[in-house]
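Protein chains in written order, with full-length UniProt numbering: chain A, 1 to 453; chain B, 1 to 474.
Don't read these hints as lab results, they were simulated from the structure. Treat the hints with caution; some may be incorrect.
[As the list claims (entries may be wrong)] Derived pair list, reagent style DSS-like, types lysine-lysine, alpha-carbon separation capped at 30 angstroms: (1) A:Lys-308 <-> B:Lys-366; (2) A:Lys-97 <-> B:Lys-95; (3) B:Lys-219 <-> B:Lys-366; (4) A:Lys-97 <-> B:Lys-420; (5) A:Lys-47 <-> A:Lys-129; (6) A:Lys-220 <-> B:Lys-366; (7) A:Lys-404 <-> B:Lys-366; (8) B:Lys-366 <-> A:Lys-97; (9) A:Lys-351 <-> A:Lys-47; (10) A:Lys-404 <-> A:Lys-211; (11) B:Lys-338 <-> A:Lys-420.
None of the values given here were measured: they were computed from a predicted structure.
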Amino acid sequence: MSIVTVQLGQCGNQIGHEVFNAICSDVHGTHGLCSKKENESYRDACKERFFCEEESGVPVARAVLVDMEPKVISQTLSMAARSGYWKYNDQSHFCQKQGSGNNWANGYSAHGPRHKEVIMNLVQKEAEKCDRLGGFFTIMSMAGGTGSGLGAFVTQCLRDAFPTSFILNHVIWPYGTGEVIVQNYNSVLTLSHLYQSSDALLVHENDVIHKICAQLMNIKQISFRDVNQVIAHQLGSVFQPTYTAESGLHYSRNPLGDLMETLVPHPEFKMLALRNIPQMPENSLAYSTFSWPGLIKHLRQMLIANAKMEEGIDWQVRPPPLGSSIPSSHLTNKPVHFNTSIANLVILRGKDTHSVDLGSFRDPSLYTSWLNPQDAFHAWKTPRAFNKYEKSASLVSNSQFLLKPLDNVVGKAWNMFASKAYIHQYTKFGIEEEDFLDSFTALEQVISSYTTL
Amino acid sequence: PVSLPFAVGQCGNQVGCRFWDLALREHAAVNKKGIYDEALSSFFRNVDTRSGGDGPDIYKGKICSLKARALLIDMEEGVVNEILQGPLRDVFDSKQLITDVSGSGNNWAVGHMLYGSQYRENIVEKLRKTAEHCDCLQCFFIIHSMGGGTGSGLGTFVLNLLEDEFPEVHRFVTSVYPSGEDDVITSPYNSVLAMKELNEHADCVLPIENESLFHIVNKIHQMISSGKLGSTVKQNSLVTSSAGSAKTAQEKPFDAMNNIVANLLLNLTSSARFEGSLNMDLNEISMNLVPFPRLHYLVSSLTPLYTLADVNVPSRRLDQMFSDAFSRDHQLIQADPKHSLYLACALLVRGNVQVSDLRRNIERLKPSLHFVSWNQEGWKTGLCSVPPVGHSHSLLALANNTCVKPTFIELKDRFMKLYKKKAHLHHYLHIDGMEQSCFSEAISSLSDLIEEYNELDATKGGPRTDPSRLKIAV
C-alpha cells in the first residue's frame, strides 16, 4: 500500500524534502548489512510506499506540495531534481503569492475554502496513482499560518473525501522562545482542529531536536537544515519497511494502519511522541559499537523518565509498584513524574534484531490498566540496517511524553488570550473569541485525559 | 509578492531615490544572469521598450528594461525633476509621477485638503494602473516626512485613499518626524494632524528621527577615520553614501541619512524577496507586532553599520551585532527600548546566520529586556540567506515598545506651545475643509495614544498573576 504525503507550508516542505532524501539515500546505501535478497525486498517495499516509477526511471515521490508563497516550493522542487536519485512530480504542487501572514485564520478560513478544489484535485490524482492507498501523511508546523491553518483545513477535507483512510499528521512544535509571536494561538487552534479529523498526531519539538543537534550530533552552528535532517532520520526510522508480527515473512504493507492499530486504541488519545537511539555524528559511527541490551535499557528509561534524548536521563525514576498510584524516586522517596503509557511501539533495525529481549517494555507497571499488557506493546523488526547505523531502535509512544509541552502551550496561549492581544487579527478572518474558547476547552480536555492516566 | 512604495513630498522622494538605487544594486549583485526573477518583480516591472514607449510587461526571461513599481508625488517639481535627470531616469515614466509647481507651504491643510481633493482622481487612476501590473499586491509603503506640508498632508491623504480603494492591502508608513530644532515653525501642527491619520489608517508605522540618523552617520565616519576597526573598511558600504564621497561635517549629510532609511526598507522586504530557512513576509510583521490595532508604532534598528574586511566573522562579532540592535544609539528614533516595555519584538537576520545563533542571542539578551506580562516570549524571527551588498550578515530589529512615548509626548508639548497662543492657525483654518475641530480631534487622538502607552508602562515590573485556566469536568 502506498502513502500519499502532503507537505504544507515552509516547514512542511523543507522537512518533506529531507524525509524523501533520507529514505532514498538509505535505500541506495551499501550499509544494509543483510543479504542481497533482503535488501531487494526492503527496497521494493520502500518504493511501493513512497514512490512511483516514471518512464525516465527516476522514482517520483508520492507527494503534494502546498504553500501560500512560491519560494520554498520552487527551491524544494529543484533541489530534489538535482539529486538525480528521486524527484517530485512537476505538477503535484500548488502555491500562491502572498503567504498566510502567520495567521491561522487566514490559512483556515480564507485560503482553505478558496483553494480547496485545486488542492484536493492534486491529492486525488496522487491517490489514484496508488494501486492501493494506505493513507495520508501530512507534514506541517503549528506555529505559522499556512501549515497550521491551511493544514488543519486540508486535513478536514481529507477526512471528508476519504472517510475510511488513515490520516497521520506530523506536527512540528516551535521553539518555546518564539519563532512566531502568535505561535501559541496558532498551535491551540491547530491541535484542537486536527484532533477532530486526524487519526493521530506524531510530534517533533524543535527545542528537543535542537538539543540533539547540539549535544549528540556535535553541530556547532545549527541550521534549520540540521534540525530537519535529524527529524527526517527519526521519521525514516519509523516508516522504512519492517516486519510486524502479523506480516510474517513479508515486509508489512500497511504501515499507517498498523501504527494506528497498535498505538491509538481510543480517539481521546492521539498524541504520539518519537524517540530514536543512537544518534551521533556520521563520522563517529565507524568507531562506535552498541549492544542491544544497552540500547533497550536506555530507551526504556527515556520512556519512563520522560527524557528527551539519550543523554541526561534521570535514572532514579522507577515505575510505581503495581497497585500503587504514587511513583517515587528510589533514593529520595519523593514523588517524581513517571511517564505512564497507553501503548508503545518499538522498532528495531539492523544486526541481531531477532535475538533482542524486549521483556522490560512489556512490564505492566509501565502502562495504564485499560489495555492487556500484550496489546499495549508491539515490536517491529528488520535485519536491514537503517541509514548507516549498525543497530537502531525507535520508540513511538502514546504516553504522557507530550503532556507538559501541551500544557505549556495552552497555558501561554490562555495567558495571552486573557488580555485579548492579537485577537483582532483573527476576527478579521472570521475566527471569533468563541472559536478560541472551543479550542481551549477541547485541549484542556485532552490534557485532563492524559493527566489522569 | 509586490510591495508598492509611494514617495510623497521632498523627503519622501529623496529617500525613495536612494531606495531604488540601492534596490537595483542589491538585485544586480544577486542576479548575475540578468534573468527577471520573482525577487526582482517585488519592486520592478520588466518592460519591452523596443516597441516605443510603454510596452507590455514581460514576466519571465531576460531583463529588458526595469521600471520601478512606484508612485512619486510632490507638489513641487525640484526633487522629482532631479530624479528624472539623474541615473534613475529610465526607471520611471511620466505615468508614475504626480507633480505640481507651487508646493504646500509647509501647511498640512494645503497638502491634505487642497491638493488632496484636487488630485484625488489623478492619484486613484495612476494607482489602479500601477496595481494592475502587479499579480499579487501585498503591501503599500508610504515614505514621507511629518513636519512639512506635502509629505505630511498629501501623504496622509494618500493613506486614506489606499484604505478606501484597497482595504485588504497592508499599509506600511515610514515617517520622518521633525526634531525639536526643526526650522519649520509649524512642524508640530503638521505632525500632530498627520498622526491622527496614522493612528486611524496605517497598519504599521516606522517612525524615524533625523537626529538619530545624524548621530549614526557621524558614528560611522568617526569609526572609519579613527582606524579603530583594525582591518580595512570598505568605503562603498551602501549604508554610508552612494557616491562614496565624504561630506563635510558642516553640511547635514542627508544623502547618507536617507541611505539608512532606504536600507531599512530594503531589509524589511528582504525575506519576502529572497530565500531563507525561515521566511518573514510583510504581512507576518503586522500580524506579530501589532497586538492591538492602534499600537502599531515600531522602533527600528539596523546593525552592523559598517563593513569589515574579514568575511568569516567568529561568533563573538555576530553576537555584538545582536547586542547593538538593542542599544539606544542604534535606534532610528531617540528612544531606549531596553529601559521601557516591549509588547513585541522582531529580528530579521540576513546572511550566514543560523537558527542556533539566533537562539543563543535571544537567550542571552532576554533577561535584560522587559516584556509585557502576556507576551513574555514575544519574539518573531526570520532568517534570510542573502546578505545586503557589502555585508556578510545584518540584522533588522523592530520593536513594539513603549519607548516611543517620549517622542509623542514631546510632539504634543511642542504642539500645545503653539496652539495655546493660536499661533499660525489662520494659515490652516482658511483652507476649505479645515476647522478648529480638526486640531482638537488630532491632539485628542495623540493624547489617547500616549495614555494607552502610559497604562502599559504602569504594568511594568508589577506582580504577575497568570489568569486561572479553564476547569474541565472529569
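Each hint tested on the structure:
{"no.": "1", "hint": "A:Lys-308 <-> B:Lys-366", "result": "24 angstroms, holds"}
{"no.": "2", "hint": "A:Lys-97 <-> B:Lys-95", "result": "26 angstroms, holds"}
{"no.": "3", "hint": "B:Lys-219 <-> B:Lys-366", "result": "27 angstroms, holds"}
{"no.": "4", "hint": "A:Lys-97 <-> B:Lys-420", "result": "51 angstroms, violated"}
{"no.": "5", "hint": "A:Lys-47 <-> A:Lys-129", "result": "13 angstroms, holds"}
{"no.": "6", "hint": "A:Lys-220 <-> B:Lys-366", "result": "22 angstroms, holds"}
{"no.": "7", "hint": "A:Lys-404 <-> B:Lys-366", "result": "23 angstroms, holds"}
{"no.": "8", "hint": "B:Lys-366 <-> A:Lys-97", "result": "34 angstroms, violated"}
{"no.": "9", "hint": "A:Lys-351 <-> A:Lys-47", "result": "23 angstroms, holds"}
{"no.": "10", "hint": "A:Lys-404 <-> A:Lys-211", "result": "18 angstroms, holds"}
{"no.": "11", "hint": "B:Lys-338 <-> A:Lys-420", "result": "25 angstroms, holds"}
This entry does not satisfy hints 4, 8, going by the numbered hints stated previously.
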